Amino acid sequence: EAQVTQNPRYLITVTGKKLTVTCSQNMNHEYMSWYRQDPGLGLRQIYYSMNVEVTDKGDVPEGYKVSRKEKRNFPLILESPSPNQTSLYFCASSLTPGFNGYTFGSGTRLTVV
Amino acid sequence: AQKVTQAQTEISVVEKEDVTLDCVYETRDTTYYLFWYKQPPSGELVFLIRRNSFDEQNEISGRYSWNFQKSTSSFNFTITASQVVDSAVYFCALSEGNYNQGGKLIFGQGTELSVKP
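Protein chains in written order, with the working numbering: chain G, 1 to 113; chain H, 1001 to 1117.
In case anyone wonders, no lab produced these hints; they're calculated from the structure. No false leads were mixed into what you were given.
Below, in silico cross-link-like pairs of lysine-lysine (BS3-like), each with a Cα-Cα straight-line distance of 30 Å or less:
| no. | chain 1 | residue 1 | chain 2 | residue 2 |
| --- | --- | --- | --- | --- |
| 1 | H | Lys1016 | H | Lys1038 |
| 2 | H | Lys1003 | H | Lys1070 |
| 3 | H | Lys1016 | H | Lys1116 |
| 4 | G | Lys17 | G | Lys71 |
| 5 | G | Lys57 | H | Lys1003 |
| 6 | H | Lys1038 | G | Lys57 |
| 7 | G | Lys65 | G | Lys17 |
| 8 | H | Lys1003 | G | Lys65 |
| 9 | G | Lys18 | G | Lys65 |
| 10 | G | Lys18 | G | Lys57 |
| 11 | H | Lys1003 | H | Lys1038 |
| 12 | H | Lys1038 | G | Lys65 |
| 13 | G | Lys71 | H | Lys1038 |
| 14 | G | Lys17 | G | Lys57 |
| 15 | H | Lys1038 | H | Lys1070 |
Keep in mind that this is a model prediction, so the values were computed, not measured.
With the hints as constraints, model all of the structure from the sequences given.
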């Protein structure tokens, strides 16, 4: 089944403790993105990648890192999480974003206390 | 600047009623793509439809239909004979044709639809 898999689905962590949210897609897509969803602010792009080793900042990249060492994986790294990074995170992938749109993962609900 | 506006924050209807969710967009691009996504209470984002700027044909899929009008920059979504399972937050989104920021999706604020039995 074609899908984008994120893990974990839920995570509660403490301020400053490094964490990684994994994202993997099995569709051989070149484009991948991370979004965060917050009440009143909607969904905003954090980082994106257009191919292996090609990543760039989205609209709200502060406090996040990403890597794209393999085509299928696009992890989101929070080096020192803070409470303002409490959010619902989505990973997405696409073959051709405009023509096909993005397929989203199931989301990761992160709480930083 | 690109922008998507969903003016209806919440809509409540009774089952079997028809309901239309409005979406108005702004872009300077001549090539762009419009989408609707559904977010049920479980939280995932489910793709519903894509339209490109050169295709103004309306589309119907079962009880769902979409009306794209470039003249008014609108891409409205109608659910006919709504059902309780339609209860969700619905997002309209825009993507530029030049793949700016990797084809970033610009989302509206979402419309929360509640269908009562």
